[in-house]
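Whenever a hint applies, use it, and build me the whole structure from the sequences.
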Amino acid sequence: MIEKIEELLVEVNSFNATSKEEIENFRIKYNGKKGILNDFFEKFKEVPNEQKKDFGQKINTLKQAVNIKLEDLKNASASSVVVEKEDLTRPAFPLELGSRHPINLVKNRIIEIFKSIGFAVADGPEIEDDWHNFTALNLPEYHPARDMQDTFFIEQNPDILLRTHTSSVQIRYMEENQPPVRILSPGRVFRNEAVSSRSHCIFHQIEGLYIDENVSFADLKQTIQFFTTELFGKSKIRLRPSYFPFTEPSAEIDVYWGLNSETDYRITKGTGWLEIMGCGMVDPAVLKNVNIDPEKYSGYAFGMGIERIVMLLYQMSDIRMFFENDIRTLEQFKSL
81 MIEKIEELLV
91 EVNSFNATSK
101 EEIENFRIKY
111 NGKKGILNDF
121 FEKFKEVPNE
131 QKKDFGQKIN
141 TLKQAVNIKL
151 EDLKNASASS
161 VVVEKEDLTR
171 PAFPLELGSR
181 HPINLVKNRI
191 IEIFKSIGFA
201 VADGPEIEDD
211 WHNFTALNLP
221 EYHPARDMQD
231 TFFIEQNPDI
241 LLRTHTSSVQ
251 IRYMEENQPP
261 VRILSPGRVF
271 RNEAVSSRSH
281 CIFHQIEGLY
291 IDENVSFADL
301 KQTIQFFTTE
311 LFGKSKIRLR
321 PSYFPFTEPS
331 AEIDVYWGLN
341 SETDYRITKG
351 TGWLEIMGCG
361 MVDPAVLKNV
371 NIDPEKYSGY
381 AFGMGIERIV
391 MLLYQMSDIR
401 MFFENDIRTL
411 EQFKSL
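Each residue of the sequence shown is one higher than the one before, counting from 81 in my numbering.
There is no bait here: all hints are sound.
Simulated pairs of lysine-lysine, BS3-like, Cα-Cα distance not exceeding 30 Å:
1) Lys154 with Lys138
2) Lys133 with Lys109
3) Lys84 with Lys100
4) Lys109 with Lys143
5) Lys154 with Lys84
6) Lys123 with Lys138
7) Lys84 with Lys138
8) Lys114 with Lys138
9) Lys143 with Lys132
10) Lys301 with Lys314
11) Lys84 with Lys133
12) Lys100 with Lys143
Computed spacing ranges between beta-carbons, pair by pair:
13) Leu168 with Ser341: 43 to 53 Å
14) Asp203 with Lys316: 29 to 39 Å
15) Gly198 with Asn371: 21 to 31 Å
16) Glu342 with Gly313: 16 to 26 Å
17) Leu177 with Lys316: 32 to 42 Å
18) Lys414 with Ser99: 36 to 46 Å
19) Arg278 with Pro224: 22 to 32 Å
20) Asp344 with Asn371: 40 to 50 Å
Think of the hints as simulated: they come from the structure by calculation, not from any bench. Backbone N, C-alpha and C define an ideal beta-carbon position, used for all residues, glycine too.
Structural data, given as structure tokens:
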């Protein structure tokens, strides 16, 4: 048997593999449960006592040779894989650093502001059903306000569509949570609109909802006042009466932008005032739809388009720039 071990030592030392499968077969042949080494160790007890020392040394020598060979083969295989995956066409060092997208920069800033006064972030699906996107928000079938949100339907009977606002997230949250509720729902929404410098069929919203006992319109105004001061550095706002099916009363929020430059005149149409969001007190019908007692609880909601805020903050004139991934646009935000 010692002669057999000597032959195997020569075989092990001369072995070379060209694939992972050959390495694995080599390992199983020698180190497997039914491999050569285990077989020799089983036969060790049958060896005469005077030969045990020499036989044991030879087995250990073979075992060490096998383990060294396996280690060498694995290292060689790993280095060859690295070489194969090396992209010889990629740019040399230093590599260009990326940057956060301007929409994410502003979205995160808005979330940070509202988190500082107790708002949490809630998320929901972009593909919605009719109940969460329309009906529960006091927009029943054939309601004329649905025409303002010409939508992308995926299925009918039942109606499944790409959500037209993140208000659907608020409905889902209220269905599962009782007041107090204080949440933000940022996300992407879809509407069948013509793509131009001022509008797009895809855009991002961030909506807020606060439900508790004795919540008033004064609470809403104070919250918006705090937000505009923190984000724009401008504290002068005004509320204009408006209409939304899911809030009553409803208002549009304008912030006084000023008339300090030609750009100010252009974006405010010479008035100095700029519309930034809609808001209002949650309609009692919406609270009933999610099994919240409107006699006990009240609340307010607000919502804004993130692209519009980005365009104001960074003086960008074309909403399409957010979706074209033009490196010349994105590189401007590297330091932010």
